[in-house]
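Asks: Line by line, the protein sequences are chains A and B.
With the numbering used here, the residue at position 4 of the first sequence is 4, and numbering never jumps.
With the numbering used here, the residue at position 71 of the second sequence is 71, and numbering never jumps.
Hints may contain errors.
Result set (BS3-like, lysine-lysine): computed pairs, CA atoms no more than 30 Å apart in a straight line [to be verified]: (1) A:Lys68 - B:Lys57; (2) A:Lys69 - B:Lys57; (3) A:Lys68 - B:Lys71; (4) B:Lys57 - A:Lys42; (5) B:Lys71 - A:Lys42; (6) A:Lys59 - A:Lys79; (7) A:Lys42 - B:Lys14.
Some residues of chain B that are not near chain A, with every Cβ distance over 12 Å (derived) [what the hints assert, rightly or not]: (8) Gln11; (9) Leu13; (10) Lys14; (11) Glu52; (12) Glu59; (13) Arg72; (14) Leu78; (15) Glu79; (16) Gln85; (17) Gly96; (18) Thr112.
Quick caveat, the hints were computed from the structure, so don't treat them as lab data.
Glycine included, every Cβ here is placed at the ideal spot set by N, Cα and C.
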Amino acid sequence: EDQVTQSPEALRLQEGESSSLNCSYTVSGLRGLFWYRQDPGKGPEFLFTLYSAGEEKEKERLKATLTKKESFLHITAPKPEDSATYLCAVQERGSYIPTFGRGTSLIVHP
Amino acid sequence: NAGVTQTPKFQVLKTGQSMTLQCAQDMNHNSMYWYRQDPGMGLRLIYYSASEGTTDKGEVPNGYNVSRLNKREFSLRLESAAPSQTSVYFCASRAGLAGVGELFFGEGSRLTVL
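In isolation and in its complexed conformation, chain A is listed as follows:
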C-alpha cells in the first residue's frame, strides 16, 4: 500500500474553472507534507510545506490545506500556464526521507 496517494491522476480544466487536487497519506506521524510543481522535461519545483492539521498556505492562484489524513491543493481560476504535474510528498517523523506520490497531471485549456 502506497504511503502517499494522489487523485485524480489527470485533470483537464477550462481556464477559470476552479478545482482541487487531493493527496492522502498513511504515515503514523507527520513531519511535513510538501507540494511541488513539475513542468515537462524539468525537475520538480517547490511550492509549499505544511506541518500540522489546519495549516493553510497560499501562492497566487494556489492554496494548500492539510488535515490529519490528507491535503488539498486548491486552484482558483486557473490559467493555461498552471498546466503541469503536481507532486505531493510526505515525510514521517524521525525520517530524513520524503516519499512522493505519483502526481496529478493538470491541463488547463484556454
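Since the structure of chain A is already known, use the hints to place chain B on it.
Replies: Showing chain B alone in chain A's frame:
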C-alpha cells in the same frame, strides 16, 4: 547561482556498460538525494546522503552505488547497466541536517539502456 547541476543531461548505454551520473550543488546544503522517475511510478529514492561522509539506501538501491565526494558533490554509479534502469534520474539537495525543509532539484539526467 546554478543551484543543482546534473551531468550528463542525456545518455544512451548498452546493457552491461557502466557510467557515473554527476551532481553538484552550490547552496552549501547538507543533504543530497538521488531519485529515479518512471512513467506512472512517481519519484522513487535510490540513495541519499544526510550529511557529508554518510550515505544510505533508499527504496530502490539495487544496481547502483553512490559517493558523497565532498559537501557539494554526490555521484550515482551504474556498474553494469540493465534495460530496467532506463529512467530519468533526479538529484536533489536540502539545507537542513535534520532532514527538514524543501528539496531543490536538478534538471534531470535521461538515461536509456539498450
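Asks: With reference to the structure, classify each hint as holding or not holding.
Replies: Hint check:
1. A:Lys68 - B:Lys57: holds (29 Å)
2. A:Lys69 - B:Lys57: Judged against 30 Å, a Cα distance of about 27 Å means the pair holds.
3. A:Lys68 - B:Lys71: Judged against 30 Å, a Cα distance of about 36 Å means the pair is violated.
4. B:Lys57 - A:Lys42: Distance of about 25 Å is within 30 Å: holds.
5. B:Lys71 - A:Lys42: Since the Cα atoms of B:Lys71 and A:Lys42 sit roughly 24 Å apart, the hinted pair holds (cutoff 30 Å).
6. A:Lys59 - A:Lys79: OK: A:Lys59 and A:Lys79 at ~14 Å, within 30 Å.
7. A:Lys42 - B:Lys14: The hint holds at about 25 Å.
8. Gln11: holds (15 Å)
9. Leu13: Given that every Cβ of chain A is farther than 12 Å from that of B:Leu13, nearest at about 20 Å, it holds.
10. Lys14: holds (25 Å)
11. Glu52: Non-interface label stands for B:Glu52: nearest chain A Cβ at 14 Å, farther than 12 Å.
12. Glu59: violated (8 Å)
13. Arg72: B:Arg72 clear of chain A: closest Cβ-Cβ about 18 Å, beyond 12 Å.
14. Leu78: holds (20 Å)
15. Glu79: holds (24 Å)
16. Gln85: holds (19 Å)
17. Gly96: violated (9 Å)
18. Thr112: Holds, since 15 Å exceeds 12 Å.
Of the numbered hints listed earlier, those contradicted by the structure are 3, 12 and 17.
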